[in-house]
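Novice: Listed here are the chains, written in short residue letters.
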Amino acid sequence: MNALDLIIFLPLVAALVVWRLPDRFAAAVPHIALGVSLATLVVGLALWFEIGRAGQAELVAQHEVSWISLGDSDAGGLTIRYHVGLDAISGALVLLTATLVPLAVACSFSAITHRQREYYAWLLALTSGMFGVFAARDVLLFYVFFEFTLIPLYFLIGIWGGAQRRYAANKFFLFTFAGSVITFAGILYLAIRAAQLTGDRMVTFDMLRLSSLPGLSLVEQRWLFIAFFCGFAIKVPLFPLHTWLPLAHTEAPTAGSVLLAGVLLKLGTYGFLRFALPMTPDGAIWWAQPMAWLAIAGIVYGALVSWVQRDIKKLVAYSSVSHLGFCMLGMFSLLPVGLSGSVLYMINHGLSTGALFLVVGMVYERYHTRDVDQLGGLALRMPILAAFLMLFTFSSVGLPGLNGFVSEFTVLFAAFNSPALGPWFGALGATGILLGAVYMLYMAGKLLFGPLREPPNTPDLARGLTRDLTRREIAILAPLAVLVVLLGVAPRIVTDPLDPVLDAQVMRRIEGRSARRDAPPPALVWSSSVEPSGT
Amino acid sequence: MPIVAATSLAQLPDAAAPLIPWYAATLPFWPLIAALAVLLTLITQRGRTQAHKFVVGGVGVAAFLALHLFFVVLGEIQRHQSAEHPASAAAVAADPHTAEAAHDSGHDNHAPAPKTVLRFPLYRWISLGGEHWIDVNFFVDSLAGMMLVTVTFVGLMVVIYAVGYMRDHHGHPEPGYERFFAFLGLFIFSMCMLVLAGNFALLYLGWELVGLCSYLLIGFYYQKPEAAAAAKKAFLVNRIGDFGFALGIFALYMFISPLVQPGENPLDYAVAFKYAAALSPDQCTLVSLLLLCGALGKSAQLPLHVWLPDAMEGPTPVSALIHAATMVTAGVYMVARCGVFFVGSPIALTVVTAIGAATAIFAASMAMAQYDMKRILAYSTISQLAYMFVGLGCGAPDSAIFHLYTHAFFKALLFLCAGSVMHAMGGVIDVRQFSGLRAVLPQTCRLTRIGCLALAGFPLLSGFWSKDEIVHAAFETSPLLGALMLLTALMTAYYTFRMFFLAFGGPTRLPPEAGHHPHESPAIMLRPLAVLAFGAIFAGYLGVRLSASRDGSFLGFLAPGGFFHDYLASSTIIRTAGHEGGAWLMYLSSLVAVTGIVAAWVRYGYAPLFDPDPATFGRAWRWWHAKYYVDECYDRIFVRPLRRLGEACFGADRNLVDGLVNLVAAVPTGVGLALRSLQRGSLQAYGLGMAIGIVALLLWWFASAGGVNAALALAARGSLP
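As you go down the protein sequences, you meet chains D and L in turn. So for the first sequence, the working numbering puts the first residue at -9; every next one is plus one. So for the second sequence, the working numbering puts the first residue at 57; every next one is plus one.
Do not take every clue at face value.
Quick look at which bits of chain D chain L covers, simulated, 3 or more residues with Cβ under 8 Å [stated by the list, open to error]:
| id | stretch |
| --- | --- |
| 1 | 50 to 57 |
| 2 | 393 to 403 |
| 3 | 426 to 432 |
| 4 | 452 to 464 |
Residues of chain L clear of chain D, computed beta-carbon distances all greater than 12 Å [stated by the list, open to error]:
| id | residue |
| --- | --- |
| 5 | Tyr79 |
| 6 | Ile89 |
| 7 | Val112 |
| 8 | Gln134 |
| 9 | His225 |
| 10 | His228 |
| 11 | Pro281 |
| 12 | Leu303 |
| 13 | Gly319 |
| 14 | Arg502 |
| 15 | Ile593 |
| 16 | Leu598 |
| 17 | Pro664 |
| 18 | Trp679 |
| 19 | Lys683 |
Bear in mind the hints are in silico, worked out from the structure with no lab data behind them. Keep in mind the model is a prediction, meaning the values are calculated, not measured. Where is the CB? At the ideal position from N, CA and C, for every residue including glycine.
Model the full assembly from the supplied sequences, consistent with the hints where possible.
Specialist: Put into structure tokens, the structure is as follows:
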């Protein structure tokens, strides 16, 4: 039992405790949940510093025991191990999760009034699942956690959601589950092939082993990539598979939206990074351009659809489609700078979109509407909220000096300069610079500026809220605001530990493979005329 | 046009360049600290009315440091020159006559002026995949020195002015007083970062941050829907340009990175300029045109000029500082800074010239048919910026920067005077609503007259010298272009004084909003105006040289050249046009200015109630008045179709894409049914389902994996001997 096991299982244990707590302690439930989540944050921070100290060579807080073992090494069989450990990639996402969970818990204090114990229990269970996914070093363990996260979120949306919550919960569950079943088949195939190729009778699911397989044919890799794609692209969500997302986001309670956008979508991108790229490098190279096209389509499509929303929560939800498009574009540039930008994008999107959902939730609690046509000029009523919203808006728009810029710039930069993609991809992706500003400023302008517009009989201050933000709400948003600025000014606190790990675990696989590709890399449009004549 | 072969900046010192003193490197952070201090007063709710003290102090320190830096660069230039040409350096230090001689000899030999650069690395900001990175570093040369002095000095005047302006008639601060000063501080910080930036990414940072401040300050009166809309429009139009700008940076990296030595960053100015000569003309064209997109947005040139007139919704000090004197000149600064790429591409230079010339006359014509004082000045700003672009395109970037510098004084002065009028008239700024203000606001009237004369290019005032240089460079390029510039000058003189006479001439007539006793502005507003007026008159003499006139005429006695140009010659800008202005051109342009002023006096001297211009110019005037319907066209061509596309996508999203997916999902109806029962059912039912599922899954694994392994085992055994 080390620190990593602790943050995986502590929330789960706490969830059970909270769920079964006697009635007289019911009032303490939110605070217990907050306390547990803060404890995981402390441990998560400690682990992150540990990663910084340990360097790239080893996993931090590694724990490996056999879980399910069938057969033996003579007759053949399979082993599933409980194997967890953190490197900088998973560590960064664990820390992101640990940061967002306490905020999600705290924002529920006034928003959730019925079935509180169950609510916090599910929230804590979800936390366990999210930590587990990023920590898992065994592919099947990953898969178990990956699927496990669906259950709490299903209930969080289905019970505490909005008017269409049941439809949304079902659709969300079905969609993501359907995709991941195919991924599961792919994982099984890969594990069995790995056993064949290495001449080992035991089928194991060790991540490192599967990501250093020699000898998978190009055809196999192409199909395996599609198998991964089915599960992860839905989760991301990549362009045509995104339709579950706006609905789930809109109907989910604020905490659900924050964690969904902040962490759970990253399961998809993390999956691509951890599985598709290193395990099927040839497949990834083969599919890089189609993936980039989908990503660009998502960037443009998400932005345009965002712009015409009247429901601000839906607007933010569609903006995720656009933003995750950037993330995928950077990843499939297959350049070190693109990968590191892509991971940074995951973090930054988690922070700023999470923050936007929190702000939208705070508006909704007061006005019981999210319709931009019914709201306006709120800067007059809520100057503090307005300041926070402007900050997060500009973070989301990619204003230099804030976090969003660094990842957006590096991602587009990578796409533009990538041998796998090329300038046109970068140029088309960069239209997102403009379109992102269009819909975000549209929202901020509608909501905050102009003459004051409030629905009748609002703001509703029945639940201890004040007109402008309460101290609790400020305390929720302030850490995000600090991080938004900090990561904009010093992004290297994330990327410095990240770069060597990405290089060792992903880039080396890609680079090793791209040499033996049949086709030469696509020629860069302008590079033919580069003549280094006299310097 | 005699484009001299691209001067290489290969001799540019990079890593070995000397450092600026550390305390001078703190320059941009003082206004930032001031802005943060104001934020602190906002949080603590104490001392909010004292917010201006922080910002005036912060900008004051910045201005002092900028002046210091100016002389540090000068000292470095002299040291540099004395190392290379001992004689000429001594001359620069000594008196102007010998300096001129040295200068002339330098030109006759076509020897490139030695480039002098100082630097200051702060920290490593973004890693670009390990090999290259983006630093936060400063790059200081005489161009940056000149810009910094202009920005901080005009900024200081405007901030002081705003202390008086942002109060009501009783001297109480307006609502949002502290917010206003915090944003101004942030703006000065951003602008200084833009100018000091030592690489293209940091330039982009400053570039976007000034855009942010512009957005925040245009939308300062956020409850006015027009202000909110104008703010959004400004940001979005600028983003169109920034889209190109970002691609330009990417392209630059793409072309430069194969050439650099290990340890050099392709995006650093020093490195990029060093290898610029190795780029092919096509590459230069691409990079230049993409960078130019950014400049067109920021400097409000065709076709991205539409945001600037609307930006006048912001408070007047903002219009003066951001939308006249400093931020909008960032495009000119950037093109001058990246001159080495533009000079490498004749196409790019031609495009710059063409856009500049078209914008100059286009904006001037619109300015002739407006009634809002601030909008007239806004169109005039666009037109004057276009002059600078013509200067850049004609290979006279130092003349463009010279005009930038003089323009900052007289245009800030004019805007602040308009603000003074607005302050007295209770917010009314339409020149049809009042006249004869010379009796009510005598000081403002005098100061406005100085500003108008300088803008009109009246002889011996600052605008005259700088505009003349550009007109001259235009004549050198093509007589037609020169004639166009002179025509624009005529229109400028005319509309400037049309505005002046309509407001200050004729019988005294006041709008009801002005109240009973409209009063002159307080001293805290008038004193900065006086300083700016001094600049508007005399600033031009920095760029003028006393010379023994060639034909014995009076104006030839003062020729363009002198300290300003000698100073700028050591920066990274590259002048390819000739240097001397002919005396005949000076007479001609004086004549043009005076003609315009007299024409305005004849037609508007008595502030007629009935505007004679619409009748004179007929249909053309209505086009000018309607701003050529550009806004409407953009709305029809771009905004609405894009919005409709969004609606269509959303419709498709709900019906087509979702429908397809639902159709696919509907095939295994059983799954749906099972789930429907699940979400109706209790937790226990769900748990049961999970348990069954897990068992089934495990069984399946066992079967399949076992089967496969058995097969494997069999195969292995079979292959054994």
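Novice: Which constraints among the numbered hints does this structure fail? Numbers only, ascending.
Specialist: 1, 4, 11, 12
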